[in-house]
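With chain C's structure known, arrange chain L on it following the hints.
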Amino acid sequence: MNRHLLSAADLGREEALRILDTAEHLDRALSGREVKKLPPLRGRTVVNLFYEDSTRTRTSFELAAKRLSADVVNFAAKGSSVSKGESLKDTALTLEAMGADAVVIRHSYSGAAHRLATWVQGSVVNAGDGTHEHPTQALLDAFTIRRRLRGATGDLDGLRVAIVGDVLHSRVARSNVLLLTTLGARVTLVAPPTLVPRGVESWPVGCVFDLDSVLADSDVVMMLRVQRERMAGGFFPSAREYSRRYGLDARRMAMLGDAAIVMHPGPMNRGMEIAAEVADDPKRSTIVEQVTNGVSVRMAVLYLLLGGAEQLGD
Amino acid sequence: MNSLVLRNVRPYGEAKLDVRVENGVIAELGSVQPTALDDVIDGQGAVLLPGLVDLHTHLREPGREDAETVETGSAAAALGGYTAVFAMPNTEPCADTAGVVEQVWRLGRQTGLVDVQPIGAVTAGRAGAQLAELGAMADSPARVRMFSDDGSCVSDSALMRRALEYVRAFDGVIAQHAEDPRLTVGAQMNEGVVSGRLGLGGWPAAAEEAILARDVLLTGHVGSRLHVCHVSTAGSVELLRWAKDKGWAVTAEVTPHHLSLTDELAESYDPVFKVNPPLRTADDVAALRTGLADGTIDCVATDHAPHAIEDKETEWGAALPGMLGLQTALAIVIKTMVEPGLLDWRGLADRMSVAPARIGALAEHGRPIAIGEPANLVVVDPAIRWTVSPAALVSKSRNTPYAGRTLPGRIVATVLRGRLTSRDGALLEALPA
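Heads up: the protein sequence lines correspond to chains C and L, in order. Sequential numbering from 412 applies to the first sequence in the numbering used here. Sequential numbering from 729 applies to the second sequence in the numbering used here.
Just chain C, same shape as in the assembly (with noise of 0.2 Å):
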């Protein structure tokens, strides 16, 4: 595998097939195991560098790099050196100088991933920057909808996504659309005009502005997290507009075919996006699976990347 992961475009069909594949084979070696650890990593030494607030995807990613038995530094944005104004440039440095193997960042700007990954000589997993992209998401969103709908094994043709919120400001699309494509589904994007970027007709996906219209057809719908803040930017006029023509509530949920399956990549804002009864749904909703399945698909990667040095047991 490339030395990186900041893109989902970074990954082929087969290298993505590989990472999915991985994920499922390491959390097989794990399950039914008393003490959860595997040895690849033992020894390498895997930093988080988060500059934004995020338990979720931090602690994901903790998880996962502990389990194959690397050591872990956290280095958080608050109390450290960064929140006295050290540059991205420095702490890069400064990590290559400790010996980190692989740096896994997140941060608030565009591109901060590609950045870093010209300052150090280990491995950068991008865990979302800025408004860009956030391929570890994709890639357990994609082993999500397998595992439902493929069993577990292959890629995603022929699947229907419908991708439904704020695109214009969502890494969690952009690397979803490119990952899913890669994988062979196909993917519509539904938003009000607004909140879907210039150049959508060049993305390989559909794009409409009615929620309704998709919904019978669609075997996932990946609900997108919007902030009521954007009101403010004009984007919407009241978080009440946007829930009533965009949310995914009961009424729209029923009419989904049998099988469909709904996503959010959380954090949820409930009422707005989507419906309580519809992200506590126990047949549709993926929401808490996501998560697990966060840790699982960040094991596979942190473990391709590094190229573990030791066999996985079985």
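Just so you know, not all the hints are guaranteed correct.
[Said to hold, decoys possible] Not close to chain C: a few residues of chain L, all C-beta gaps over 10 Å, as computed: (1) D794; (2) S868; (3) P932; (4) G1023; (5) I1062; (6) A1091.
[Stated by the list, open to error] Reference listing, derived: stretches of chain C covered by chain L, where coverage requires no fewer than 3 residues with Cβ under 8 Å from a Cβ of chain L: (7) 513-527; (8) 531-543.
Since the hints were derived computationally from the structure, they do not count as laboratory data. Cβ atoms here follow ideal geometry from the backbone N, Cα and C, with glycine treated the same way.
Quick look at chain L alone, frame taken from chain C:
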């Protein structure tokens, strides 16, 4: 005083001849026999042009002397073939008073490598609320005639109208940085396919074109003069054509980087490519070249914008916008306009010297190469190619987008009022004015 003899040079790329420069003027043209006391430069067939004039430079002094000073910026200009530069007022303190413009003017004279003509701010503090004392700046020793809030747009329509009217009293010109700030909130690069993919906030072409359209209408209405800074879109070129057809006194400039680079370069997220207005699409580049060739765009201006390393070696969103330009401008224009046959040397002389001198009202620059004219000249050999090395540039800053590229056209000599300021890529000791 001994003379300077330029041998074997081709004025405007035409027939080869020699030039004797004496007492600051062109004294002889033809076949010159140099004496033992003359300083002789053998151009070996290089092209002789009037010294270049840059209507848009950021010298950063006062306030950001860590990025550039009047002295280092003048050096870059001289090595780039320039004999005059117009210094933008977004300094700290801002050049919105007679005091600051006079300071910049004096620093330029002291350095003596290029004529530094200060541009005054349009509004106090460039805050866009209140006119600055334009008359005081016009009357100062700096004799300011061009005013700009560059970096910011004079976005208030009423204030822009008043500014255009007010400068008529001293035949001034307002140079507008055309950017509707309401349309560029959070903008990081051109709004288009690339920005959508990279997750960087978009700066739509319409934000420039809307202001340009408004301003040319106001200019026509009040009968004043407008100069549009760093035109960057195909739509802007069309609007300029329309305005000129109406007979309105509108001029415009384009930067070398907008003639040569596109927004795809942002894919590396390297902020050396971050600039305001942003790099645009190939279609925009083509329209700008055509516009410069047919004179819709009157001139090339560098928008030389030095930045300290820490302001560029960072995340894209945190980086300051701007690129160096003085030392690479002529080479880029040769590459993008002369080599493909869009402009001949007379055309280049017009766009890079004659027109800017006229727009900026500099009487001694952009003159014909003729006996009796002030000797503000540049000799360039278009056959020599050179590779851009940021460390070798004489600016204090390193932010050139052309690092590692090989460009055509080496400056053989720059002459400022009869004195050599650069020779074979090296600066000469300058005498105080």
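Q: Any hints from earlier that this structure breaks? Give me their numbers in increasing order, please.
A: 3
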